[in-house]
Structure formats: structure tokens, C-alpha cells
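Chains as they are written, first to last, in numbering that gives the first Met the number 0: chain Y, 0 to 539; chain A, 0 to 333; chain L, 0 to 300.
Since the hints were made in silico from the structure, they are not lab data. Wrong hints could be hidden among the right ones.
Stated by the list, open to error - Below are the DSS-like pairs computed for lysine-lysine, each with C-alpha atoms no more than 27 Å apart in a straight line: (1) Y:192 <-> A:92; (2) Y:72 <-> Y:238; (3) A:6 <-> L:190.
Stated by the list, open to error - Quick list of the computed label-pair ranges, beta carbon to beta carbon: (4) Y:192 <-> A:189: 40 to 50 Å; (5) A:243 <-> L:129: 23 to 33 Å; (6) L:78 <-> A:193: 50 to 60 Å.
Please read these numbers as outputs of a predicted model, since none were measured by experiment. The beta carbon of each residue, even a glycine, is placed where N, CA and C say it ideally should be.
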Amino acid sequence: MTKLHRAARLLALSSTVLLGLGAGAKAATPRDALVMAWNLDALITFDPAQIGEVNGNDIVGNVCSSLVRFDPKDVSKILPSAAESWAVSQDGLTLTFTLRPDLKFPGGRTATAADVVWSMHRFVLLGFGNAANLTQWGFTKEGIAEQIKADGDRHVVIKLAKPYPVDLILSAAFANNDASMILDKEIGEKNAKVVDGKSDYANAFFKTGPACVGPYRVTKWDSNDVVILERNDNYWGDKPKTRRVIVRHVPESGAERLLLEQGDIDVARLLKTEDLTAMAANKDINIVQTQMHGFTYLVFNGTDPILSNPRVREAFRYLIDYDALGRTVLQYQGVPRASLVPEGAFGALDKKEGQPFSLDLAKAKALITEAGYPDGFTKKMILSANNISPTIAQHVASNAAKIGIKLELEQMADAQLFTRGRAREFQVQLVGWGAGYPDADSMISRHAVNPDNRVEAKLAQYPSWRAAWQSAEINEKAEAARMERDVGKRTAMYHEIQDYMMHNGPMAYMFQTVRAIAVRSSVKNFEISPFGVDYGSASK
Amino acid sequence: MLIAILKRAGSIAATLLGLLALTFFMGRMLPVDPVVSIIGEQADQATYDMVFHQLGRDKPLITQFYLFVRDMLHADFGNALFTGHRVADDLAKVFPATIELATFAIIIGVVVGVPLGMLAAVYRGSAIDHVARVVGLLGYSSPTFWLGLMGLIIFYAALGVVGGPGRLDVSYIDMVEPHTGLLLVDSLIDGEYEVFWNAWRHIVLPGTILGYGSMAYISRLTRSFMLEQLRQEYIIAARAKGLSKMRVIWRHAFGNIAVQLVTVIALAYAFLLEGAVLTETVFAWPGFGRYLTSGLLAGDMNAVLACVLIVGVIFIGLNLLADILYRVMDPRTK
Amino acid sequence: MSGTVSFRDWLTAETTSSPRQASFQRLYFGWLRLRANPLTLLGLGIICALVVIAIAAPLIAPGGFDDQSLDARLLPPSGAHWLGTDDLGRDIFARLVYGSRTTLYIATLVAVIAAPIGLLVGTTAGYFGGWVDGALMRINDIFLSFPGLILALGFVAALGPGLRNAIIAVALTAWPPIARLARAETLTIRKADYIAAVRIQGASSFRIITRHIMPMCLPSVIVRITLNMAGIILTAAGLGFLGLGAQPPAPEWGAMLSTGRSHLTGAWWLATAPGVAILVTSLAFNLLGDGLRDVLDPRAE
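Looking at chain Y on its own, in the form it has when it is part of the complex (with noise of 0.2 Å):
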């Protein structure tokens, strides 16, 4: 048996050397770079005009620069940026900026007012679901040549279809992240492909990395993995603090925790509760949070008999234990809100009108028994695999139970949740929507306004569409108010659009979502927005 043993040993041994082998100093990131961890998952495109996702947007915000941007301490002010000024006619139907004699691409060249407006023009002809941020304004393809143009080399003369708001439009066309974004035109003519007969524009080839007058350039992206971005010395702002920042893609919260706990990384992006709720109390890290412009809510399909009716509806919003939820499940995730407009915004209810709703399990019984249905019924409700959505939707379905409403609850890829959503095919949808910009507008353009609700309309970018709710006053009051340049009766009108929505629309609004971010201590003013985060200013 002594060979047996020998053997077991020498087993154990190489293990044991296998494992120890392993041992080495701790880690720590370099001075000179910024390293993220994030789910990059979603990411596949670095072209302004086609990206419709957080990544993308959060990054080419730090690549690109647009004409003006909106003032990181409070979003629904409006600053300049690579425009240094702007003017409006009398008529409100024209606007004019002045570009910064500055601006210079990597590559050194000077950007004009013809790259802006080539930009702009792209942006729009490509025909992505971004260029829904223009022509939602009345920029169309067919008349962008004429609506957009350069004066000479440091003027950008937009031709407005109507009179709107000049905040609003400044907001919601120009500062919204990608619309306005200056790409290098030469760059951009020179690697055009024709595609169907069509020029693509070069979005082939900016899609790896645009060529922007930003803060920094893409160097490296290798899908699902990392995304490296270089300082742009030529960048016309203050200079970024640090040369290089890393992305790199950790898919987990659990992961993302351990390598910000061993220094691997500065900046956790991903974190959940319970792992924020450890790293606050942790000294070497810093939570960084803010209220971001989307939401958490739930969809009744209005073709459904039963959810059809605004009692059933409002029956559900007495369900949910904001408060319990969040203070637990939801602490760093979101925050009780009810009305459709986000805080912050442009027009938003305060905190305390925009959620009158609290657990009420009597006031949800005898709502639904004033529809018809005191015995309650049995609905199907679908939601996404990920995050705390299945926490909240069995929370939902907890409480619902209590007073005879049964769902059942079915789990997917977000891909399908969405698929199933535009194509109205579910009763009841747990889902998220994210504002495109800090104005009331935003939301009750889409959530509220219906155009047209017929199925062969295929509105498929409205919400309410996809709800199959549709109102002829709320789309009359939200078109006036889209129009009133008189800020205090602007508001008003919207004040009067969200009560109305809170206790009769097909949404069911439960959380504004709360982005928090966990950074090491040794990283300072890593500071963040509700429209997105500024590499350039952090500094270790």
C-alpha cells in the first residue's frame, strides 16, 4: 500500500502546487487610466446616429461632442458646448449657432460648421430609430438639406417647422446626447460604402469609433470583452484627467464587487443592492448615485376585456409596498414615483403629487369590485430574466393574490420582452423605459399620445400604442402644450396631463430608476448625471 499512498500524496502535492502557483502580489490599476467594469452587452455600435442603448450613448458622450449640452447639476438647463452661443429669430421659426474657433479632430483638422451640418444631415438620412429625435421636430429626409445648413464656417442655421419652445427644442433635439454630434466629414466621405445603392454614410465604418471633436477616441473595442478609449489631445475642453480609460465588460454584480473590493478596477457600474448596500459601508469605496429619467411600471394591454378597464388599473397601483420595497429590494435602484414624468425633469410633479399611491389592499378590492370583478381573475404577466425584475413582479403577484387577482408570471430574454411588447402580444408587461431628455414632453409624447391606434398602424415606438390606450384629449392637450412658450402655463398644462394619466393610463408606474455607482476612493470627482457620466473631469 506504501506505492498507494506515494501516489495519493503526489495527487495532493501537484494540486496543492497547481493552486499555490497562482499566489502573487495584489493588484492594483494604473495611474494613468480610468478602468470601469459594466455589462457591455448591449453594446454594438459607436455611430451617434445608431446607437440606442446605455453603453453606447454613456461612452460616445465621451467621445463625441454635441452643439450644447444639458447642465450636469440640473438637466433642464441647457449649456453651451461646441456651439458657444445660440440665437432665435422673432418668428421662434429659426435658430442660429456660433461654433468655438477650437474645435479640432484628432487628426488636428479644424471642424466647421459644414461637418456639423453633415453630421446632422446623416443623422437623419441613415434612418435609424435615433433619427426619430429630429424628425419628431419636423427635420425630414427629404427636407434636411434645406432645414439644416452652414453660414460660413462657424455658423449652424436650423430652419424650425413650427415655433416650439426654444428650451424644449434645445433639449430635446441638440443637447439629447447624439442628435447634434460632430463627426469628421472628410474621414466620413472618405470611408462611405454604398450599400443597396444608398450611401451608408460611413456608419460601417464609425460604428467601430467614431471620429469626433470629443474628449476622447475609441482605440480598441473587442465586442464583449473590452473598450479602450485614448485622451484626445486635441480636445478644445479642459484637458481630460487621466489618458486612458478601460471598459471592460463583467457581466456580474457579484464579480464586479470582487474586483473593486481587490483594486482590480476603479469604477463598479453595474452593482446591485445588496452589493452597494456592502461597498457603502466599506471606507476605500464611494457611492455615487443620482435619479436617472426612466422607470420601472407595469403595461395593461388594452384590448384585454378586464384591463381595459381604468379601475382594474388603478386597483393594481394599490398593490405595490413603494415603501418597503423602496427601502429593501430597490434601496440604489429606484424610488417610489407614480406619475409618468421623472423629477427632475422639465414640468415633473414634485415628489410628493407625483406619488399619491401606497399598499391598500381594501382600496384594490373595492376598486375592483366596482369594475365587475370582486372575485378577482387570472392574468399572465410577462417580464425580463434579469436583475430585480423577478423580485418585483413576485412582490406584485404576492399582494395581488391577496385580493383573488392571479398572475402568472412569465420570465424571458430581454429581446423577447420587448419583442412581445411592441407587437402587443402579452395582458400585463413588467418592463423599463428610459426618457430621451429632461422635459415632460418626452415621456407624455410617448407614454400619453397616441396618433393612431389602429393595429395595422404598428406605432410600435409609443408605449401607449403598444398599451392600446388612446385618449383625443390628452393627444390635443399634449400637442398645445408641446406648443405654449409661456414656461408657468407649459407646466401647468403638463401638472394637469400627469394627473389625469396617474389614476386613467394603461401604465402602472411604480420606480424612477436610481443609478448608483460604486467608485474607489482613491478616484476623485467622479461625477455623474442623469444623461451621462463625465470620464474627462475624474482624477487619482
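Position chains A and L relative to chain Y; hints supplied.
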């Protein structure tokens, strides 16, 4: 002979085509619309129609399948919708990552598993047999994703003896040329020993955990092959002739099971190449399994079909090997 | 059975007087050998315990599996909650106990679906050979060459998530290895003299396959399916882990593990309990399968 080879080639082609057809139509059954994956959730119908057309989804299904197979024959996998890159480029990145991990794991599996199985067979019924059995069965029975999480907490977070999720610490990214895509090899080629060391720290944990599973599989089969050999008359005869036990075991019995073992190891390797989805997720390993899963959940059939084709080719190749060996070994199947 | 001979004697008699006695004897001696291996008994014991737990779940579990309380969430194991509570304040022990039902349900149904299909396909292919074999084995290859979890994932995504569809999907991944095994067994016995004898007597192919070949393949198939049970449970848990198995609030172990994943560092008990449960159950099936193989597989003697 020629006819047999042709028949075999024909059946391989049929299997691959069947595999693609199954995947393709399964993909079309998925209630996931790849168009929505591309244009985003908030886009309007005009954008939808445009991309729908670009993807050729307005053509009849059979035409789409035909076009796809034709492109495949030209080694053109098209673009992956969910990453925005060409599928071929993506695969060139994710496949080496998986190969590196799988190779690491299979080496552990073989180096530990084969001797363990041999010992268990030779000392059948002894303590080592029972230990080997339990150790092996535990490896067989563990949810690897759970082991991975536990391993991360203990060895990375608490003890700090291994690297965290990912293939490298960020400071080492991009320091070596991708000659082979295998970091352990590339770093040696470039003489970057620090990078090698870092890559090693990162691969040890996932590699060992995956290797544990293969070890369980290999040791069990080694044991049962070995037991069968030890019962054979020639072994008993050899022993009777007075040859030493070790000599009989290694020269005679092991020689006879080597062929079977190679097959088993090859299959275990194939399984590692395709089956590490959950481990790759836990360790943020940018590999093949995760690529395939993300592609599937995004309804991206270009990526999925290319992956399935590769897996199919690997599998069929190994199967062919197994079949040939089987025919050579067992006269009863003739 | 004669009144003067005890049952035990009947079972151990050296000469058997009926085929029934012979098969009972085989079973009995098998049981003796099975009993001789403590690990096998352990496996069997765990599975039996699991069955009892599943049946008596309401008696064993302290309360229901969906009794939520946000004020009592993420509590560590204690006297009141033996295994702690989860992120909705539900008792993990109760969920684990009820979850055994789901796990056994999946395992049993998959076995019941996959074994006959595999057996039928394998024996048919092996017995007929030629183009039937070619066609069936190509189909088999197609399914085999798919990574199991991916195949299951694809089908669940296509059919819609849920327990029933998860079972169908897992069964789809479970039959091909059985078919291969049954085919290999059939190949080695189809030329046997007794099969030829039966054929000369004029038995139909169907009869030969079902009466004479299948029973011969059955032992190894049972061994294989028992050994594969661990894989089946892990695949089902993997589906649950990815959110596509049994739907919440059903207490499926894989799904519980998935929830626990986000609480690993802060509330280790969330992932530990279901992780250990999965491990122990699949280990039990493996131990039993291993023992069964020693007993049932004639070549392992």
C-alpha cells in the same frame, strides 16, 4: 473502400445540413425578433421595416435558408447582429479564449483523472477506490456555476491567491500580440513573462473547476475500462507467469485501454469546448459558450448558426474517430 | 410457492422451478450485491428520503413556499428560519422542501419520456441496420452534436418558459445518448443465435425488438439514465439559473441559486442551500447509478 468513404462523407454532410436546418428553424420559432435587438426598443416602424429588409427577412424562409447555406459554403458567416462585428472576427476572438480554458481543464482532467481511475481499478474495493469514487462523483454532481462562485469568494476575494474574473488584469490588456489568441502561449512568444503570470492567475480557478468535472468523467471511465481489462484471461495468465503487477498493469492492460481512453478524452474535450456556458458567465470569460448563449437570447441566428456549425464539425470529427476505433476494436460489430 | 418453503429459501434455491422464480432470484441477488456497497445504499437512501420529503412537503415545511415578508428578508439561519430567508423574506428551508417536488418531477418525467424514445430509436436502428440505421443515427447525431444546455435553451425560448416546456426541452437533450447505447447493445446481440432462432420461428421484427432485444438492453439503459439523472438535474437547474425553467414563485432549486447569486457575498445562505441540495441529489443519483451498474451490467462483473 472508396464507396465506404463517400458514403461516410455523404452522411457527414447530411448531419451538418440537418444540424443547420434544425438550428435555423428553431431560430425562426424563437419569439425573439432580431430586428428589435438591432434597432432598440424605442424605434419606430419605418426603422423596423428598413432593417427587416436589410436582413432579408422579407424573403421566403427556404430562400433565407438557401442563402445562408450558400454563404456558409463560401465561409461567410455574415455579421453578428448583437455585437455589431463580423461573426468570423468574433469567433476568432472568442474561440481561442475557450480553447485555452478547455485545454487547461483537459490537462488537469487527464493528469489527475487517468492515474486516479487506474488506482481505483487496481485497488478495487479499497479505501482509495471509495475516495476516488466519491471525489469523482462529486465532480460529476456539482453545479459548476456554483463551484465557480464559491471558488471566487474563497480564493480570489478572501485569500487573493488567484486572479479575478476575466482573462487578464486590465493593466496587462493589449500587451502581447495575438499570435494564437491563447494568452499563455502569446505571452511566452513575446517574452512577456509578467503577462504570462497574470494570465495564469486568471485561468487557474475556472480551469481547475472545469478540469474537476472532466477529471471525474475520465477517472470513472478509466476505472471501468481497466476493470474490464483486469478480468481478461491474458492478464491473469501474465500474472500467473510471474510478471510484476505494475508491469502487467502499465504494459498490458493500459496499452489496451489507451485507444478507448483517447476517445473518451476527445469527447470530454469536445464537451468542454461547447459546454462551459455557465462557467464562462460566472468568470466573465469572453468565450464561445457565452457568445453562443447571448446570440441565442438576442435571436441572432447568424452568430448561433455559425457556432452550431463549428460545434457540429468538432463533434462529428470526434464521432468519426470514435466510430473507427469502435470498429477496429470490437469484432462483433463487423 | 410451496407453504413449507420460506420465501427466503425460495429466493435462494439452487434450482429454480419457474421463470418467475428465476427473475425474482436475479433481483434478490442483485439487491444483496447492491446492499453490500454502502455508498450505493447511501445514494438510494437519499433518493428515498427525497421522495418522502416531496410527498410530505406540507407537513415538513414550516409554512408555504411563497410567504413573503419584506421586513424579514435576508435573515441568516436561525432557530426560526433554519436555512435563513431569501430576498422576499421567504423561508428558504420551506422553499427547499417544496422544491424537491419540482426536482423529482422533472427528473422522473424526463426519464419517463427520454428512456422509451431512446430505447426505441436505438434498438430499431441497431436491429434493422442499413438506411433505417443511417437515417435514425443522423438524427441522433444532430441532437447529440448540439450542446445540451443550448439545445434546451433554444427549445424553451421557442416554446415559452415554464416547467412543462423545460421538461420537454431537457428530455430532448437526454434521449440521444440512450439511443446510442441501445443501438450499440443491439448491434452486439442481433446476430446472436437465440435471435436467429426466434426469427426462424416466424416472429415479427416488432416482436423481436420489443420482446427479445429491448429487455436485453434495459439494464444498461437503466444504469445510463440513472447516471444521466445528475446531468438532467443540472441542466434543469441551469435553465432555472438562466430564468427559463419553472417560473416564479415556484421554488425551483436552480432558480433559487440564481437569486442567491446576487447575494453571494452578503447573504451566502441563499446560494448555499440550493447549491448543496442540487449537489446532494445529483450525487445520490450518481451513487445509485454506479452501484446499479455493478449489479445490472453483466459485463461489469
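Quick rundown of the hints versus the structure:
About 26 Å separates the Cα atoms of residue 192 of chain Y and residue 92 of chain A, which keeps this hinted pair within 27 Å; it holds. For the hint linking residue 72 of chain Y to residue 238 of chain Y, the alpha-carbon distance of about 20 Å falls within 27 Å, and the restraint holds. Of the pairs offered as hints, the one joining residue 6 of chain A and residue 190 of chain L holds, with about 24 Å between alpha carbons and a cut-off of 27 Å not exceeded. The hinted window of 40 to 50 Å between residue 192 of chain Y and residue 189 of chain A is violated, with their beta carbons roughly 35 Å apart.
Against the hinted window of 23 to 33 Å, the Cβ-Cβ separation of residue 243 of chain A and residue 129 of chain L comes to about 49 Å, which falls outside the hint. For residue 78 of chain L paired with residue 193 of chain A, a C-beta distance near 52 Å keeps the hint of 50 to 60 Å intact.
Consistency with the previously given hints fails for numbers 4, 5, ordered from lowest to highest.
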